[in-house]
Amino acid sequence: GAVVSQHPSRVICKSGTSVKIECRSLDFQATTMFWYRQFPKQSLMLMATSNEGSKATYEQGVEKDKFLINHASLTLSTLTVTSAHPEDSSFYICSAKDILREKLFFGSGTQLSVL
Amino acid sequence: KQEVTQIPAALSVPEGENLVLNCSFTDSAIYNLQWFRQDPGKGLTSLLLIQSSQREQTSGRLNASLDKSSGRSTLYIAASQPGDSATYLCAVSQAGTALIFGKGTTLSVSS
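Going down the list, the protein sequences come from chains A and B. Using this note's numbering, the first residue of the first sequence is number 1, and each one after it goes up by one. Using this note's numbering, the first residue of the second sequence is number 1001, and each one after it goes up by one.
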């Protein structure tokens, strides 16, 4: 079956540093990938839609300069949390859309803790 | 703006019980509806996907129904087991793009 690989699964960093999260579709091409954020006991909230070869579309309230998204190939999208602060601590999860099967597949998520 | 609500927020049952989780959505113009399972600190496992033209889907002990006109879906779990303990998320898709999630129902099944 289709697999979406997301790394790292857990990261702890100091306030002010930047963290990069990778989302990779292993056996299908994904022109579109989505990034979600989930705070404890809350629902997953869409942060941005990443389209291969073009700029990401950010949801209202999500700072594009803080959450940098790069979708340089059909199998890889990255989310970089720049100058991370404790309030950025959250569970980040990506999903990739298989254009052939018209299905969404999810990564296993990244738990970010900013000290 | 589409909103997805799940009731109850938490549920505790003894092993063997049949149970129903509820999901409602405000905009009936959906492309499909999915039920997911999420274990603590983990990603999502897709359980059932119902297209907007379908009424229900079944997989093993799970049955999901969809009433698009009333904006409701239910997930029925038969003969619950401790291994079913997890958070169950309902999500709708509009125009086949990003999903809009509910807050989930946290299920605890005791042995």
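Treat each hint with caution, since some may be false.
Claimed, not checked - Pairs of lysine to aspartate or glutamate residues, derived as EDC-like cross-links and limited to a Cα-Cα distance of at most 16 Å, are as follows:
# : chain 1 : residue 1 : chain 2 : residue 2
1 : B       : Lys-1001  : B       : Asp-1027
2 : A       : Lys-103   : A       : Glu-22
3 : B       : Lys-1001  : A       : Asp-27
4 : B       : Lys-1068  : B       : Glu-1003
5 : A       : Lys-41    : A       : Asp-27
6 : A       : Lys-41    : B       : Asp-1039
As the list claims (entries may be wrong) - Examples of chain A residues lying across from chain B (beta carbon under 10 Å, computed):
# : residue
7 : Pro-8
8 : Gln-29
9 : Thr-32
As the list claims (entries may be wrong) - Chain B stretches covered by chain A per the calculated footprint, using a threshold of three residues with CB under 8 Å from any CB of chain A:
#  : segment
10 : 1037–1044
11 : 1100–1111
Read the hints as simulated data drawn from the structure, not as lab findings. Just so you know, even glycine gets a beta-carbon here, dropped at the ideal spot from N, CA and C.
Right, here's what the structure says about each hint:
Distance restraint check for Lys-1001/B and Asp-1027/B: the Cα-Cα separation of roughly 8 Å lies within the 16 Å cut-off, and the hinted pair is therefore satisfied. Only pairs whose Cα atoms come within 16 Å are accepted, and Lys-103/A paired with Glu-22/A is rejected, the gap being roughly 20 Å. At most 16 Å may separate the alpha-carbon atoms for a hinted pair to count; Lys-1001/B and Asp-27/A exceed this at roughly 34 Å. Note on Lys-1068/B and Glu-1003/B: the hinted pairing holds, with a Cα-Cα distance of about 14 Å set against a maximum of 16 Å.
Between Lys-41/A and Asp-27/A the alpha-carbon distance is near 32 Å, which puts this suggested pair outside the 16 Å criterion. Distance check on the hinted pair: Lys-41/A and Asp-1039/B sit about 12 Å apart at the alpha-carbon level, within 16 Å; holds. Hint on Pro-8/A is violated. Least Cβ distance to chain B is approximately 13 Å, over the 10 Å limit. Violation of the interface hint for Gln-29/A is found here, the shortest Cβ-Cβ separation to chain B being roughly 16 Å, above the 10 Å cut-off.
At its closest, the beta carbon of Thr-32/A sits 7 Å from a beta carbon of chain B; the interface hint therefore holds under the 10 Å criterion. Under a criterion of three residues with beta carbons nearer than 8 Å to beta carbons of chain A, the stated coverage of the segment 1037–1044 of chain B is upheld, 4 such residues being counted. For a cut-off of 8 Å, the count of residues in the segment 1100–1111 of chain B with a CB near a CB of chain A stands at 5, and the three-residue condition holds.
Checked against the numbered hints given earlier, the structure breaks hints 2, 3, 5, 7 and 8 and satisfies all the rest.
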